[in-house]
Amino acid sequence: MTDLSNLCLLLVILINFFALGSARLGACIHAVALQGAVLAVLPLATLGLTGHALFLAAGALALKGGVIPWLLLRAIREVRIRREMEPLIGFVPTLLLGALATAAAFIFADRLPLIAGHQGELFIPTALATLCTGFLLLMSRRKAITQVVGYLILENGIFIFGILLVEAMPLMVEAGILLDLLVAVFVMGIVIGQINREFSSLDTERLSALKE
Amino acid sequence: MDTTFLPRAALHLVLLLTCAPLLQGVIGRTKALFAGRTGAPLLQPYFDLARLLRKESVFSRTTTWVFLAGPVVGVAVAILAALLVPFGALPAPIAFTGDLLLFVYLFGLSRFFTVASALDTGSSFEGMGGAREVTFACLAEPTVLFSLIVLAKLAGSLSLTDLLGPHLAAAWSGPAGLSLGLVTVCLLVVLLVENSRIPFDDPNTHLELTMIHEVMVLDHSGPTFALVMYGAALKLMVLGAPLVRLLLPVDTGSWAGDAGVFLAGMLLLAVLVGVIESVMARLRLVRIPQVLIGTTLLAGFALVLVIR
Amino acid sequence: MGWFVAGVLLTAISGVPGFFTTRHGRSGERLACLLVLTGVASAAASVMVTLGAGSPVVLNAPWAVPGGELALRLDPLAALFILPLCLVVGAGSIYGLGYWPQADHPGNGRRFRLFYGLLAASMLLVLAADNSLLFLFAWEVMAVAAFFLVTTEQERAEARRAGFIYLVSAHAGALALFAMFVVLARETGSLHFPTAATLTGGSATLVFLLGLFGFGVKAGLMPLHIWLPPAHAAAPSHASALLSGIVLKTGIYGLLRLTSFFAVIPPWWGWTVLALGIVSGIFGVALALAQHDLKRLLAYHSVENIGIIAIGLGLALLGRSFALPALVLLGTSGALLHVVNHGLFKSLLFFSAGSVVHATGSREIDHYGGLLRRQPWTAVCFLSGAVAICGLPPFNGFVSEWLIYLAAFDVFQGESLTLRLAVLAAPALALIGGLAVACFVKVFGIAFLGEPRTPQAAAVDHDAAPSLRGPMLTLLLACAWIGLLPGTVAPLLQKATTCWAPTVKLASLGGALAPLPLVGAVGWVLLIYLAGLGWWLHRRTRNAPRDVSTWGCGYAAPTVRMQYTASSFADFLVGQFRFGLRTERHGGQIAGIFPPPATFSSHTPDAVLDRALLPGFRQVAHGCSWLRARVQNGLIPTYLLYVALTLVALLIMVAH
Amino acid sequence: MLAALILIPLLLLPLALVLPWYRLRSWLLPLAGALHLLLTVLALGTVADAAPGDWVGLDPLARLVLLVSSPLFFGCALYAVDYLEIRRDRGNRIMVPCLLVFLSALSLAAISRHLGLLWVALESTTLASAPLIYYNRNRHSIEATWKYLLVCSVGIALAMLGLLFTAYAALLGGAPVSLLLDDLLAAGPLLSKPWLHAGFAFLLVGFGTKMGLAPLHTWKPDTYGEAPGLVGALLAGGLTSLAFLAVLRSMQVMAAAGSLPLARSALLALGLLSLLLAALFMMRQNDLKRMLAYSSIEHMGLLAVGVGIGGLATFGALLHMVNNALAKGCLFLSAGNIHRAFASKRLSEVRGALTALPFSGTLFLCAFLAVTGAPPFGMFLSEFTMLRGIFTDGRTWVGLAVVLLLGVVFIGMAASVLDVSQGEPAGREELFTDRFLLVAPPLALLIAVLVLGVYLPEPLRLLLEQAVGQLEGVKP
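Chains as they are written, first to last, in our numbering: chain A, 1 to 212; chain B, 1001 to 1308; chain C, 2001 to 2656; chain D, 3001 to 3476.
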């Protein structure tokens, strides 16, 4: 079933680029939701229909594909912010950097010693590429929400990697991780709400009163 | 303390106490002769002292006992220091390693109290005099030390008696002759400074602003002034003694002979001072430090000559 | 040794009971004074016993901290520092009863006494410690306690500034000592002090440099003296006495102890210490001459005297490098004796200065005048202290300087030509002595003689109270004793030198090498002369008229303002040192035939602190805040960038 | 019993949520703290070291961290009672539950033997403390919270990747794939080096962010500056120790795999950088609490340097961790009092704390002396021991650099602290005065540091020795 998983991974990478390139906040969030949904397919594609896989799939679908995006959408709806991304550095440079990062990820992954099963699969390069994408978004976007999106993509990258190592992560821990992620985003949502109340904008550059 | 201590000490003191004022007389006479006057009799200083002692003192209401301490310390120190320095070939009654430093510091003590008693009057003139006095003394100290080091190096001892021992005669002709000469010059300068003589000070100027030492004793009168003058005379003799020994290191072998040589030397020195006072003008105040620093350098050079 | 420990403990806790007494009651301070006295008495007694015993007394008890060990060791070297400490601390605590009574200082009196006791106890511990950790422990406690003494009047900005400068420099020194002792421990393998003259280490240079810095800061060697003048000026007078008389000496003690460890002393150590000593001596006294603040002036004289001690120490070190036993003996004993002497007469001076400040309420010399009539006791004490600190016979200062002179002359015994250059210490000492005379004549003359210069000086109505007078006279007696019977201290100096340089074969001090008894004898003769002449003159002038005014060169109406002031007295001499002092002069220009009223003032800032360090630090701090504004710029993207960069850097690092 | 450590706060949680009485709710904190402390002491006494395969269990390092954090929390909890009393306007409905969760997560992190579990616990502490930082509800606090949340979450996410890398190293090495500490230690040499090292880099960045090592420290000044004093105390004393524990865990794995030197040099580099940054940034710091934050960065740097050197220095570092937790607690709590009393933390506006608040001011001054390593406080011993370690290890230049930086830190800190504590009090609100519960806890912490400065109990010494043994890769 590697072709299916590879397909999903390719999809993930495309979504990364979309997220980097899209100018609309809402679209971006939807993209992340889609990415979450795609990720939900991966465990099934790799592990078959084991309980663990099912749990992972369900969790990913529910949280990454459902709840969290919904939270974010609600947040932007509540705080009625303009939907632009307002990048610190323009879209084209971001995209270029993203492309570079992805390429680097692939090369780096090639260098790494892998077990036979993972040779030639896209898991590790995709994971790293997604990680870099998340970082790029975090570092290049202004709005608090976009940064949350970046954080989500970062997490997704890690999730992809995690699928390779389900043995290492017993269910309980996985549950904890997902729960933490949920709570994190939840708290972030609350904080965003507060920020909006205080600053009447989600522009994080306003959040630079504390320095030195 | 050997048995000869007491007679030697007695001889020292007699020489000092009796002959000191005479030197002042000689200096005065020399200057008078140069000026083409007859001048006061040689024994004039004795008469002055006697007259002052007979008189009554008058004290400013500002003064305290410190005012009296100045002259007292001056005389006491001079007498004590005399016991540490050889008069010509007559060895010092009290001689031990390092007595030369005691010798130097005793005069420091007398300076301290002289200036203190000057400040005791609260007069700005006397304060000024004191300031100048201590300044020059400070600048003269290193010179004295350098010269003493040179002599100590030559003698290989730290006692004035050995420093000015019989070896000097040979040393003059030896390789150290040059530095001895330099040292002599330096000590002469120090002598003139310490005894506030021309070209550094004018003992009988009549304008307070120009005075250095004399201005400090303006308020003394009667017996205290006698002590001041007597102290000055003793100081001249005590400080002159090493110079005399340096210039004529002669040992006759007999006490009387040595004493005679020494006295002759002292008188010659007095004449020399008189001559200097007559032929030189008084230096401008600001020049004096420069001259003193120059002497220090000379002395240092003398030292370099001997330690290499 | 038990007595010693008991003494330390008693002194340490002396201030505690005061906190349980009433805010204004006298019981607390009396109890504290009593405790301190018993404490130092027992400590001193144990030290005396030690000296009698001959062999050093040691105590080794376990201490449950890493590397710790309660190792105490009392040997003659330590004893020489401990005895004056006990005397000064005891005298100071009595002095405090009258000078800093709880009734007048309800706010800070108790705190002051607490830290006074702590300071004394920690110093006792420092001097007896035989283990690096214990030493550092006591050393730091000492520093902190002294800091609180300096900032006793913390409501005054001056005191706060002084405290800050002191604390910072003390801590910097302490850190250097941390490093030094650690390196030392690396050499010896344990934190216990090595026995004297055993160490032959590779990193001796590092140890010496660190030690020189750490101890030099505490001792106040130029240019590390920065903390000294402000701290001494700001602290209450008996605290200043303790600081200047004893605390500085712990630095000297440290240097001595440290150098005693090494088997071989490289010549450059001696040269360095000697050079530092000469610089400190000359510039210390020159700066002192330029001060108008009585206590700052005394503080600069501490720098000068530390310089003199360092000269002696440097000569002794040279003596060890060039194997000249006489030089070692003379230099060390001169330095050690000067340590004791300075402790005595500097405390005496600070005590009498305190009595003056207490009476006039000012520290400006030019605000005094004519105090001798109003405070005869204080005047006599100050005068004797002044004569002693100028190194003039017949007081103790002369004896120690005399020994150092002899050491300087003794370099001619050596073959090496370079060594002979060390004789230049003698002229330097002479210059220092001359300047010191000038300075103290100035202080004594301006402060105690002439007419009162200000109303408050004229209004002084009380001399030092008995509780102030007693300690002063005690110290005065001690000074006179060493000055007139120097032979009595010779054996102690000999022992101390032996335990500093056990390997050197020493001649006996006080014999032909340095006939101390004769010096004392001359002092006696001088006293007899003075007494005789003075008595005669007094008799002769007893009923002389004393009602005329000073001869004003014909000017009939002199006012007290016309008297020579301290600055004008020093001006001519200070002028000779303008290159080093850079005195700032303001005003004083008069013009025209009928000039308008003009004012003149001169101020001499500290050459190192005010001219170099503070501006430098200001620059550095400015640079730091600039950098901080750039790095910590408040933008999350930047912060995340740091994270990413660190990650990349670490990945690259682990890749190799 | 270990489970109880985690559960007790959670059991009290619903109570905290439903209880209508304000003061009673506040008292839940000391209750939880006391029980926790009691259990900790019992556990330390009775519970044996964890057996391989346990998910939670004690070992010397865990004992050490528990020993530090439990008393600290108790102290802060007591302090909280009166603090919340004077902050009734802000309420405690959020504060108390969050603190309870924090305590529970903290204990879990301390005793978990599964790295994944450790990760979860750490992330939970982050989330639980976020609302605490926002306690003051103003622009600054919200900003601080946001930064704290984002930077720490990103960092911790990276740590997660690091864990996965480590697991992959096991996978590749043919060892059993597990994140149980004991399994990893057992697998030791089998682990594939590249993955392990890369994983360590990620872990170090992740946990280092939480620990506040420069240049990952950026959230610290904002957070400590805006959070209430007791939260600052908990973060600077407790959370940092936990993060340090996490770093030490990853070092253990590295040691087992025989890559200890690499791990050490990495830590040493970060530590020195932190020292340098802290020293420079403390100069002219015009905000009291931010200054304390930089001081905390400095001490984290010291810990890293100590562990990075190893041997005696590690011993010193662990001892320093204990002292740091206690002293920081006292420092932050007393600083909090001063902040309340003057209603400002700008140095330009705070003066004469000694006169205004005799107790808090004195405590603050003493705590300052303690954290700068002046005897008779414990940090003097630990810093000196560290220096001994460094020099004995032959790293003369490192040692001199550390000494120099400590000096600079002292200058910067002394300037601010002395200004605050001395002088005539100016512009303070009279309504605040020292209250017993606001003074007693910091005093107790200070006394603890003092005792550690003059006497190191034998059991503690043994514990430290064993912990060092663990880090050096010595199999117990």
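Just so you know, the hints here were simulated from the structure itself, not pulled from any lab data. Note that the structure is predicted; figures quoted are calculated from it, not measured. We put the beta carbon where it would ideally sit given N, CA and C, even for glycine. Check the hints yourself; a few may be wrong.
[What the hints assert, rightly or not] Just a few of them, taken from the derived set where beta-carbon distance is under 8 Å, the chain C residues facing chain A: (1) Arg2420; (2) Ala2490; (3) Pro2491; (4) Val2504; (5) Ala2507; (6) Gln2632; (7) Asn2633; (8) Ile2636; (9) Leu2640; (10) Ala2644; (11) Val2648.
To see whether the hints hold, each was checked on the structure:
no.: 1; hint: Arg2420; result: violated (59 Å)
no.: 2; hint: Ala2490; result: violated (64 Å)
no.: 3; hint: Pro2491; result: violated (64 Å)
no.: 4; hint: Val2504; result: violated (59 Å)
no.: 5; hint: Ala2507; result: violated (66 Å)
no.: 6; hint: Gln2632; result: holds (5 Å)
no.: 7; hint: Asn2633; result: holds (6 Å)
no.: 8; hint: Ile2636; result: holds (6 Å)
no.: 9; hint: Leu2640; result: holds (5 Å)
no.: 10; hint: Ala2644; result: holds (6 Å)
no.: 11; hint: Val2648; result: violated (11 Å)
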